[in-house]
Amino acid sequence: MLAPLLLLWPMSVVLTWLVAQGIANKPFDRQLGELTRLLSQQITLQVQGDGTQRATFSLTRGTADLLQTDETDTLYYQVLGLRGEFLSGDRNLPVPPDEDRSNLGQLRFRDDTIGGEPVRIAYQWIAVPGAAGGTPALVQAAETLGKRSRLATEIIKGVMLPQFVILPLAVLLVWLALVRGIAPLNELQQRIRHRESHDLSPIDEREVPEEVSPLVRAINDLLTRLDRSISTQKHFLADAAHQLKTPLAGLRTQAELAQREIDAGQSDPQSLKKSLQQIARSSQRAARMVNQLLAMARAEDASQAQTHQPVNLARVATEVVHDFVPRALEKRIDLGYEGPGANTRSEARPIVQGQPVLLRELLRNLVDNALQYTPEGGTVTVRVVDDPFGQVVVLQVEDSGPGIAPAERDKVFQPFYRALGTNVDGSGLGLAIVKEIAQQHRAEIALEDANLRLRSGTLTEHAGAAFGPGARFTVRFPAAYTTADSPTTSSADEHR
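Here the sequence shown is numbered in this note's numbering, starting from 1 and rising by one per residue.
Hint data in this document are derived by calculation from the structure and do not stem from the laboratory. All C-beta atoms, glycine included, are put in the ideal place defined by N, C-alpha and C. It cannot be assumed that every hint is accurate.
Claimed, not checked - The calculated lysine-lysine pairs, modelled on BS3-like cross-linking and capped at a C-alpha distance of 25 Å, are:
no., residue 1, residue 2
1, 331, 274
2, 435, 411
3, 147, 26
4, 26, 157
5, 234, 26
6, 147, 157
7, 234, 435
What the hints assert, rightly or not - Simulated DEER-style distance windows between Cβ atoms:
no., residue 1, residue 2, range
8, 193, 229, 18 to 26 Å
9, 226, 390, 36 to 44 Å
10, 229, 389, 33 to 41 Å
11, 66, 103, 45 to 53 Å
Model the full structure from these sequences, guided by the hints.
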């Protein structure tokens with residue numbers, strides 16, 4: 001933290017030296033420029049007997065007084081004629097490059113050396129009035145750098161000496177401020193480090209600096225959400241253990257009963273068959289419970305969102321409906337699909353960004369739930385609806401079962417919750433999995449009665465209304481429409 005301040009010190013010295021040089025040059029450059037202008041005014045044009053023109057220079061007494069060397073610096077001057085011939089001054093003064101002859105009359109400055117001594121030179125290319133051909137004459141005035149260096153040194157001393165006092169003091173004050181400011185943070189660090197792993201209580205904000213209060217509040221918010229998530233997980237695990245205990249206990253009871261009958265020599269084939277059937281049902285229920293728990297874990301895995309890809313929802317729907325046809329036929333339920341075909345070639349298809357396996361799991365749970373609660377002879381319809389504005393893709397699953405009371409519609413999405421008054425065997429995990437997958441795909445899910453539908457502007461009775469009000473689950477996914485030639489993935493593709 002203090003290293004940048006220490007690095008600024010040498011940078012400040014160099015910058016101050018450059019600024020001081022510029023400031024010191026200004027007044028002396030002004031004097032040197034005035035001297036050059038005076039010298040240029042004393043050049044005249046003389047015509048020789050043969051008609052040729054020649055520049056002449058006559059130094060006045062006043063100008064000569066200005067050229068006298070003082071105790072500190074030495075002044076030089078040089079005047080060259082129209083053809084570069086030497087007219088007056090010091091022959092050793094270096095001549096500027098020829099390209100500097102542009103912009104006649106402009107006063108310029110440069111740094112150079114005379115006899116190895118650095119000098120500051122003011123020079124001017126001038127057009128002599130009346131000269132033919134426009135060939136310019138050159139006037140230069142030079143001065144050594146003694147007074148300039150002395151003034152620059154005084155400026156540097158005046159600026160830098162206070163810095164040698166102020167900067168160490170500033171470093172000390174910053175260090176003290178850091179020590180004082182970091183002390184509460186160190187204490188906070190120790191308090192957090194010595195916390196037990198199960199202690200997710202909020203951090204006391206009264207004992208932290210005001211500057212880090214927003215950070216502490218954000219950490220407290222994270223701890224609160226983490227505590228709530230862990231509590232939910234503990235409750236979920238407790239419910240899962242309880243749900244698994246029932247089929248496992250049934251397995252054990254039926255197996256022990258069959259074993260006792262065999263040991264007693266009183267085994268009845270019918271009784272053994274009944275016990276084996278009970279064992280098969282209990283094992284099937286336990287296997288289904290385990291599979292749903294695994295599906296719930298996959299749905300809650302946030303890393304799944306990183307593998308989202310375009311998925312044709314119509315293709316997923318037709319595949320899932322096809323998989324459930326044997327079960328629907330077994331219960332004499334009319335299972336159908338309405339919507340675009342899986343291989344539609346229209347301009348836009350019902351494409352969503354998602355994880356194919358999870359989308360298939362979502363739809364399987366909705367269809368499985370509908371088939372479980374729909375009585376024999378009822379109807380179950382899976383529907384994919386195109387949004388005319390291209391904003392969402394709508395998936396619906398509706399049935400003609402007993403429906404779900406409005407008071408219980410929010411509760412049915414909770415893990416292990418089952419609506420009252422139903423005699424259907426199940427774990428209560430299916431709709432919780434549906435909700436988790438929908439949230440991961442940024443989809444909205446709604447539940448309503450299915451006994452009324454809007455057709456041609458009028459409300460008519462649903463075909464399965466005699467069986468009950470039914471239930472309609474509607475899931476609205478953000479659309480990701482692609483052209484017909486764009487590659488998309490279905491759940492079947494994922495397993496190939």
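Checked hints:
1. 331 with 274: Measuring from Cα to Cα gives roughly 23 Å; hence the hint holds.
2. 435 with 411: Distance of about 11 Å is within 25 Å: holds.
3. 147 with 26: At roughly 12 Å apart (the allowed maximum being 25 Å), residue 26 and residue 147 satisfy the hint.
4. 26 with 157: holds (19 Å)
5. 234 with 26: violated (80 Å)
6. 147 with 157: holds (15 Å)
7. 234 with 435: Holds. Residue 234 to residue 435 sits at ~19 Å (cutoff 25 Å).
8. 193 with 229: 18 to 26 Å: Given range 18 to 26 Å: holds, Cβ gap about 23 Å.
9. 226 with 390: 36 to 44 Å: holds (38 Å)
10. 229 with 389: 33 to 41 Å: Since the Cβ atoms of residue 229 and residue 389 sit about 36 Å apart, the hinted range of 33 to 41 Å holds.
11. 66 with 103: 45 to 53 Å: violated (25 Å)
The structure fails to meet hints 5, 11 from the earlier list, while all remaining hints are met.
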